[in-house]
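K.L.:
The lines below spell out each chain.
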Amino acid sequence: GAVVSQHPSRVICKSGTSVKIECRSLDFQATTMFWYRQFPKQSLMLMATSNEGSKATYEQGVEKDKFLINHASLTLSTLTVTSAHPEDSSFYICSANSPVSGANVLTFGAGSRLTVL
Amino acid sequence: GQQLNQSPQSMFIQEGEDVSMNCTSSSIFNTWLWYKQDPGEGPVLLIALYKAGELTSNGRLTAQFGITRKDSFLNISASIPSDVGIYFCAGLNPGNQFYFGTGTSLTVIP
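First to last, the sequence lines map onto chains A and B.
Add 38 to the 1-based position in the first sequence for our numbering, that's all there is to it.
Add 2 to the 1-based position in the second sequence for our numbering, that's all there is to it.
No wet-lab data here; the hints were simulated from the structure.
We put the beta carbon where it would ideally sit given N, CA and C, even for glycine.
Just to be clear, a hint being listed does not mean it is correct.
Said to hold, decoys possible - Output of the computed footprint for chain A on chain B, the stretches with three or more beta carbons under 8 Å from beta carbons of chain A:
id	region
1	31 to 45
2	81 to 95
3	100 to 108
Stated by the list, open to error - Take a look, some chain B residues computed to stay more than 10 Å from chain A by CB distance:
id	residue
4	Gln5
5	Gln16
6	Glu17
7	Glu19
8	Asp20
9	Ala50
10	Gly55
11	Leu63
12	Gln66
13	Gly68
14	Ile69
15	Pro112
For reference, chain B alone in the conformation it holds in the complex (with noise of 0.2 Å):
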């Protein structure tokens, strides 16, 4: 199926630091959704988020359904250890559709 533009691929990253991914398409989203999916696991919803605008945060995440409404951003601030995993966005198309992103491996050096 189509997958959504993710970047940055992969980050490495200090602990303590703050990180910044995001997702991009050409056509519109009238929902986006953020999941970390750890090794050998499903992926679990971190945020959704489902207006344009939309600013919403779950503990130290932060995302953004851009007003566009073609692109979102997840922030993590002070990431720690366990934020180790990979980052996906999805997105529903007003046709009912899920695409995905490519993903963002994190890894934290403590």
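For reference, chain A alone in the conformation it holds in the complex (with noise of 0.2 Å):
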């Protein structure tokens, strides 16, 4: 079945430092990846939806420069987190568009748990 996988799943970076989170398709090809925030016990924050080889496209209320999203292959996509504060912290996800049985569902990544001290 489709495997998308996230590194790295727990990060602790100190504030003002930027952070990489990497989202990868394995076994399929990805032209549409998605990033979400999560906030403990509460459902998926839709952020961005990252296009292959285009600008990725942003939810309302969510900074771009601050969280820039670079999607260079089918592959791969990235989540950096720029200039991190503690209000930063949470849990990102993402996620794929994929193939089951001919149709589109999300497969999700494991999830990385940043935490800005």
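Make one complex out of these two single chains by using the hints.
P.N.:
Written out as structure tokens, the structure reads:
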């Protein structure tokens, strides 16, 4: 089945530093990937749609200069949290449109827990 | 992004009981998906539904695509402790956009 690998699973960084999170589709090509943020006991909040070879589409209220998204290949999208601050601490999850039995479903990565000190 | 109405928000049940949760929307969807998320993990697909009226099972789980295309439900029969987690519905609309439910937190008491 379709597998999405997300790395790192946990990262702790100092305030002011930048952190990069990778999302890879392992056994399929993903022209579109999605990035979400999730607060404890809440649903997924879509941050942006990552499009291979073009600029990401950001949801309203998400700072594109703060959360840089690069989708340089059909199997890799990256999210960089720039100049991270404690309020950026959260669980970040990516997903990709993946073919399952000829139809589209979303396959999710395992998530990345970011803690900014 | 827009969210689907999912209920109940949380459930506390005894092991062995059946569980039912649903998602509703004011607009139609072409696909309904149900996911389970364990703490600290990403959501995992449980069941995918592609046609109005479709009823699909996956072990003790059963889900249905509502006939109006605006709702879906998920049933879990004979719950066990490992069913604990947060369950999300997701819908794919005719514009190829995914929307998510607000989640149902399930606690199973042994």
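K.L.:
Take the hints in turn and mark each one as holding or not.
P.N.:
Hint by hint, here is what the structure shows:
With a threshold of 8 Å between beta carbons, the proposed coverage of the region 31 to 45 of chain B by chain A holds, since 7 of its residues qualify and at least three are required. With 4 residues bearing a CB less than 8 Å from a CB of chain A, the region 81 to 95 of chain B meets the requirement of three and the coverage assertion stands. Under the rule that three or more residues need a Cβ within less than 8 Å of chain A, the assignment of the region 100 to 108 of chain B holds, with 6 such residues. Not every CB of chain A is more than 10 Å from the CB of B/Gln5 (nearest about 6 Å), against its label as outside the interface.
The Cβ of B/Gln16 lies farther than 10 Å from every Cβ of chain A, with a closest approach of about 22 Å, so its non-interface assignment holds. No beta-carbon of chain A is positioned within 10 Å of the beta-carbon of B/Glu17; the least distance is around 22 Å. Non-interface status of B/Glu19 relative to chain A is upheld: no Cβ of that chain comes within 10 Å, the nearest being about 22 Å off. Chain A leaves B/Asp20 outside its interface by the beta-carbon criterion, the shortest separation being 24 Å against a cut-off of 10 Å.
A beta-carbon of chain A comes within 10 Å of the beta-carbon of B/Ala50; the shortest separation is about 5 Å. With a least beta-carbon separation of about 16 Å from chain A, B/Gly55 lies farther than 10 Å from that chain, consistent with its non-interface assignment. The beta carbon of B/Leu63 sits about 16 Å from the closest Cβ of chain A, which is more than 10 Å, so the claim that it is off the interface holds. For B/Gln66, the non-interface assignment is confirmed: its Cβ lies about 17 Å from the closest Cβ of chain A, beyond the 10 Å cut-off.
With a least beta-carbon separation of about 18 Å from chain A, B/Gly68 lies farther than 10 Å from that chain, consistent with its non-interface assignment. The beta carbon of B/Ile69 sits about 19 Å from the closest Cβ of chain A, which is more than 10 Å, so the claim that it is off the interface holds. In this structure B/Pro112 is separated from chain A by more than 10 Å, as the shortest Cβ-Cβ distance comes to about 22 Å.
Hint check: violations occur at hints 4 and 9; the rest are consistent with the structure.
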